[in-house]
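S.K.: Here is what each chain is made of, one letter per residue.
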Amino acid sequence: MSGALLAGLATACADGQSSAAGGGLRASGSTTVAPVAADAAEALKAQGMNITIATQGGSAGGISQLAAGQIDIALSSKPIADADRTAHPKVDFVATQIGSDAVGVIVTQPVADAGVKNLTVDQVRDLFEGKITNWSQLGGPKLGVFVYDKEPGRGTREVLDKYIYGDEKAPPPPDTDNFAIVGGNLETRNKLESTPGAVGPLSTGFVEGREKLAVVTLDGIAASPENIASGKYPMNRPLYLITNGEPTGDAKKFIDYLLSDKGQVLLEPHGYLSLEQIGK
Amino acid sequence: MTLTQEKRPAVEPDADPRPRRSVWVWGWLFTGAFSVLAVLLALLGYLGEGVAGGHVDWVELLTESSWNPAGSVFGGLAMIYGSAVVCVIALVLAVPVGWGAAVALSEYLPGRAARALRMSVELLAAVPSIVYGLIGILLVRPFVGAIADVPGGDSLLAAGIVLAVMIMPTIVAVSVDSLAAVPDRDREAAFSLGLTRREVIRSVVLPKARPGMRAAVLLGLARALGEAIAVFLVVGRADGRLPGTFDQLLNSLVRPGQTLTTKLAGPEPVLAGTSGTYFASLCGLGLVLLTLVAVATVWGNRGASRTAGAGRFRGRQSAGLGRVQLDRFVAAVRLTALALPGLLLLGMLVVLATRGSAAFQPSFWFTSATGAAGGGVRDQILGTLLLVVTCGLIALPLGFGAGILLGVHASARTVRVLQTLTVVVGGTPTILLGLAGFVIFCSAMGWGRSWLAGAIVLVPVVVPMVALPTCARVRSLSPEMTESALALGLTRAQFIRSVVVPYAWPATLTGLLLGLARAAGETAPLLFTATVFFGAPAFPGGIVESPVQALPTHIFTLSQDSGDPQAVAQAWGSAMVLVLITAVLLSLAVALRNRFEGERWTT
Chain A
1 MSGALLAGLA
11 TACADGQSSA
21 AGGGLRASGS
31 TTVAPVAADA
41 AEALKAQGMN
51 ITIATQGGSA
61 GGISQLAAGQ
71 IDIALSSKPI
81 ADADRTAHPK
91 VDFVATQIGS
101 DAVGVIVTQP
111 VADAGVKNLT
121 VDQVRDLFEG
131 KITNWSQLGG
141 PKLGVFVYDK
151 EPGRGTREVL
161 DKYIYGDEKA
171 PPPPDTDNFA
181 IVGGNLETRN
191 KLESTPGAVG
201 PLSTGFVEGR
211 EKLAVVTLDG
221 IAASPENIAS
231 GKYPMNRPLY
241 LITNGEPTGD
251 AKKFIDYLLS
261 DKGQVLLEPH
271 GYLSLEQIGK
Chain B
1 MTLTQEKRPA
11 VEPDADPRPR
21 RSVWVWGWLF
31 TGAFSVLAVL
41 LALLGYLGEG
51 VAGGHVDWVE
61 LLTESSWNPA
71 GSVFGGLAMI
81 YGSAVVCVIA
91 LVLAVPVGWG
101 AAVALSEYLP
111 GRAARALRMS
121 VELLAAVPSI
131 VYGLIGILLV
141 RPFVGAIADV
151 PGGDSLLAAG
161 IVLAVMIMPT
171 IVAVSVDSLA
181 AVPDRDREAA
191 FSLGLTRREV
201 IRSVVLPKAR
211 PGMRAAVLLG
221 LARALGEAIA
231 VFLVVGRADG
241 RLPGTFDQLL
251 NSLVRPGQTL
261 TTKLAGPEPV
271 LAGTSGTYFA
281 SLCGLGLVLL
291 TLVAVATVWG
301 NRGASRTAGA
311 GRFRGRQSAG
321 LGRVQLDRFV
331 AAVRLTALAL
341 PGLLLLGMLV
351 VLATRGSAAF
361 QPSFWFTSAT
371 GAAGGGVRDQ
381 ILGTLLLVVT
391 CGLIALPLGF
401 GAGILLGVHA
411 SARTVRVLQT
421 LTVVVGGTPT
431 ILLGLAGFVI
441 FCSAMGWGRS
451 WLAGAIVLVP
461 VVVPMVALPT
471 CARVRSLSPE
481 MTESALALGL
491 TRAQFIRSVV
501 VPYAWPATLT
511 GLLLGLARAA
521 GETAPLLFTA
531 TVFFGAPAFP
541 GGIVESPVQA
551 LPTHIFTLSQ
561 DSGDPQAVAQ
571 AWGSAMVLVL
581 ITAVLLSLAV
591 ALRNRFEGER
601 WTT
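Residue numbers (the numbering used here), protein chains in the order written: chain A, 1 to 280; chain B, 1 to 603.
If you are wondering where the hints come from, they were derived from the structure by calculation, not from laboratory data.
Note that CB positions come from ideal geometry on N, CA and C, so glycine has one too.
The reader is advised that the hints may include incorrect statements.
Beta-carbon label-pair distances, calculated as ranges [claimed, not checked]: (1) A:V94 <-> B:W26: 25 to 33 angstroms; (2) A:Q47 <-> B:V350: 42 to 50 angstroms; (3) A:G69 <-> B:L346: 47 to 55 angstroms; (4) A:R210 <-> B:V350: 43 to 51 angstroms; (5) B:A472 <-> A:K169: 56 to 64 angstroms; (6) B:P397 <-> A:D167: 30 to 38 angstroms.
According to the in silico footprint, chain A covers these stretches of chain B (three or more CB under 8 angstroms from chain A) [what the hints assert, rightly or not]: (7) 66 to 74; (8) 104 to 110; (9) 238 to 248; (10) 493 to 501; (11) 540 to 550.
Straight-line C-alpha distance at most 25 angstroms; calculated SDA-like pairs for lysine to any residue [as the list claims (entries may be wrong)]: (12) A:K131 <-> B:S66; (13) A:K45 <-> B:S66; (14) A:K262 <-> B:G374; (15) A:K131 <-> B:A567; (16) A:K90 <-> B:G54.
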């Protein structure tokens with residue numbers, strides 16, 4: 001008995017685990033990164049690792065929980081912002097990129113078929129600010145525009161805001177009747193598919209194979225793997241696993257797994273690009 | 001109950017005093033009572049500390065409609081408007097039908113049919129709110145989009161309809177109770193004067209039942225105000241919507257809006273950290289919500305307990321033929337109103353049974369989930385049962401103790417105060433329990449998400465439902481029994497242990513099962529404290545660090561992907577499983593109540 005106990009203690013010390021006995025690795029944040037992280041967790045779980053994936057609050061929620069010590073790894077589809085570092089000066093954010101993704105401006109297929117296949121940055125801004133209220137203003141059908149934007153904290157929303165406003169702060173959402181808020185990627189896709197004339201930002205991986213939705217080109221640039229890899233596509237984004245300090249123990253194992261060949265192959269089924277595909 | 005007569009010897013001056021017995025009873029009772037206060041104090045402490053931790057501009061919070069954290073503008077008026085509108089819609093739809101159905105159930109149906117239908121309505125009242133949320137996103141939202149010709153259907157109206165469906169059974173059930181409490185002799189006296197049934201109801205029954213029926217409305221309102229998950233996916237969650245004109249008001253009903261609960265159920269409580277103006281303002285919204293629910297609950301509870309004065313007889317002469325025809329017409333209208341909840345129950349069961357047909361295959365219950373929406377729900381069932389059992393084990397002694405203390409020890413005035421507090425705890429929006437639990441357990445105490453944290457945040461849902469029936473049962477104890485026990489020399493503690501506890505425990509058990517049926521369906525608290533997207537094991541490997549899977553959160557996650565047929569089928573199947581589990585708990589509660597109501601205590 002005491003021998004087993006000592007062996008257990010030795011193992012715990014060797015692993016450098018910071019959590020209490022029985023506790024597992026806790027990851028939370030982006031619903032874009034979560035499916036890939038869940039696949040990796042499933043594989044590692046078979047090897048005995050204890051890990052959970054949550055999606056509370058999106059990318060910023062993950063970063064916030066990491067700073068508060070509530071989780072071990074934050075899943076994020078946006079880089080650490082200066083505002084994040086300022087808000088949590090005591091946290092040593094270390095972001096490990098595991099892949100890349102593209103955010104698309106998604107419209108319904110009938111709207112795309114009727115002529116809306118490309119949008120300029122100004123048009124995107126006018127759409128999301130509620131200034132364009134009918135698709136006929138963009139050469140499309142006579143159909144009201146309905147905007148679904150992401151809720152605060154979502155990496156997708158931050159990418160869109162950066163594309164539209166650059167380094168300027170985004171204005172508050174428009175006070176128009178044709179505007180609603182959505183959360184995770186699944187809810188976003190569902191609402192876009194079931195609402196005629198809808199437009200919203202969504203990871204292009206979630207649109208693949210969905211007949212009712214289409215990704216428009218942005219300033220003539222399509223969200224193709226080549227354009228994402230070269231950086232030409234303006235709303236491409238890295239996917240991160242973020243830790244407080246350099247990853248150690250199970251966190252390091254988890255991140256190393258996702259960086260390995262076995263982990264990288266998990267990205268493509270979800271429509272993302274591996275590090276190799278983007279030349280890193 | 002037989003007692004052995006034995007002669008007690010004279011006590012010698014130097015004999016050892018008899019050992020004190022049953023002293024632990026008092027400790028147990030006060031612990032139970034304190035637990036009710038502790039929940040309220042913890043919640044108020046959490047919200048109060050949050051408010052104190054940053055500057056809250058209360059005037060802005062209550063008068064500004066714009067909510068813009070990036071611009072440091074925190075106005076809650078539009079959310080208060082949204083909550084108010086959604087609740088008004090719900091009441092406008094649910095109250096006429098609910099009251100009509102209650103009158104029909106109580107006054108028009110024969111005893112056997114009335115009992116069966118009453119049990120059905122109570123079953124409806126126990127359907128988990130996540131199931132109404134599923135019905136909302138899949139049926140109500142497209143319905144609103146179609147009838148109002150608006151894109152999508154995300155709207156205050158959709159949310160109001162979902163809540164109306166959800167609270168109608170509560171209104172019916174509580175109203176029936178107050179109607180049934182009117183003595184039959186009053187009806188018989190009125191009938192003997194030649195009045196028609198409609199006139200009897202209007203002149204005699206309704207005046208006496210009115211306080212209880214009003215209480216039913218207020219309790220339904222409290223529940224609607226506090227609901228987050230059922231409306232989260234259908235309300236649109238758009239900030240800052242506050243109409244300026246009547247036309248704009250009408251238009252706002254079919255357009256996206258925001259409520260206090262859907263704001264709190266969104267990501268911002270997590271984003272806001274645990275201090276500063278942002279978090280303080282969110283806590284301010286929580287206090288506003290808690291205040292509104294508490295006022296409605298207290299008001300409703302007081303109305304229910306007030307004794308109605310004898311209704312003044314105001315029968316009027318009218319043409320004989322017209323009276324009979326009017327009576328038949330009113331009877332038809334009321335029975336039609338009763339048909340609506342019946343059809344609602346039938347429709348819900350048909351939808352669940354057909355779309356959730358997976359629930360009728362044993363493999364669905366006994367296999368684990370595979371991928372996002374495949375396989376069975378064995379792990380979710382085990383998780384839900386673990387949470388429910390743990391919650392019950394914690395809540396039963398606390399609620400039982402609190403109920404007995406309320407019933408036996410307190411003065412009439414103190415009883416009313418403590419009963420009111422207990423009802424307020426029971427009416428607390430569970431989204432606030434989830435948020436408080438998240439900060440207290442997962443952050444301050446350093447626990448991760450865990451099944452124990454989840455079970456603990458569900459305890460406040462169950463304790464009042466144990467305490468209040470127990471208290472009512474104890475207070476119905478006849479004076480003869482009390483006096484007989486005390487005359488035999490029992491101490492007060494012995495009296496409680498030997499007489500009160502056996503007498504009260506049937507009501508306690510019934511309340512426990514009803515409370516657990518409700519707890520089994522709660523989603524909001526578990527999202528923050530106990531469940532995760534992936535990785536919860538079937539059997540928890542720890543206590544305070546081990547998350548769990550649960551049916552309600554599984555259904556909530558799946559319902560967000562209602563464009564995927566597989567996810568939809570899985571969601572309905574899971575909902576059917578959850579309803580069956582809830583129905584089993586409720587059926588046990590009803591069976592126990594029926595059995596023990598017939599039991600007679602002899603003096």
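S.K.: Taking the hints in turn, state whether each one holds.
M.R.: Comparing the hints with the structure gives:
1. Separation of A:V94 from B:W26 is about 56 angstroms and departs from the stated range, judged on CB atoms against 25 to 33 angstroms.
2. The hinted window of 42 to 50 angstroms between A:Q47 and B:V350 holds, with their beta carbons roughly 46 angstroms apart.
3. Restraint check, A:G69 to B:L346: a C-beta distance of roughly 51 angstroms satisfies the suggested window 47 to 55 angstroms.
4. In this structure the hint that A:R210 and B:V350 lie 43 to 51 angstroms apart at CB is violated, the actual value being about 30 angstroms.
5. For the pair B:A472 and A:K169, the supplied restraint of 56 to 64 angstroms holds, since their beta-carbon distance comes to about 58 angstroms.
6. The given range of 30 to 38 angstroms is broken by B:P397 and A:D167, whose C-beta atoms sit roughly 59 angstroms from each other.
7. Under the rule that three or more residues need a Cβ within less than 8 angstroms of chain A, the assignment of the stretch 66 to 74 of chain B holds, with 6 such residues.
8. Given a C-beta distance limit of less than 8 angstroms, the hint that chain A covers the stretch 104 to 110 of chain B is violated, as 0 residues qualify and 3 are needed.
9. Under the rule that three or more residues need a Cβ within less than 8 angstroms of chain A, the assignment of the stretch 238 to 248 of chain B holds, with 4 such residues.
10. Counting residues of the stretch 493 to 501 of chain B whose beta carbon lies closer than 8 angstroms to any beta carbon of chain A gives 0, which falls below the threshold of three, so the coverage claim is violated.
11. Here's how the stretch 540 to 550 of chain B fares: 7 of its residues keep a CB closer than 8 angstroms to some CB of chain A, so the rule of at least three is met and the hint holds.
12. For the proposed pair A:K131 and B:S66, the alpha carbon gap of about 19 angstroms is at most 25 angstroms, so the pair holds.
13. Restraint check for A:K45 and B:S66: not satisfied, since their Cα atoms lie roughly 46 angstroms apart, outside the 25 angstroms limit.
14. Distance restraint check for A:K262 and B:G374: the Cα-Cα separation of roughly 24 angstroms lies within the 25 angstroms cut-off, and the hinted pair is therefore satisfied.
15. Our distance criterion of 25 angstroms between C-alpha atoms is broken by A:K131 and B:A567, whose separation comes to about 36 angstroms.
16. For the hint pairing A:K90 with B:G54, the CA-to-CA distance comes to about 20 angstroms; that is within 25 angstroms, so the pair holds.
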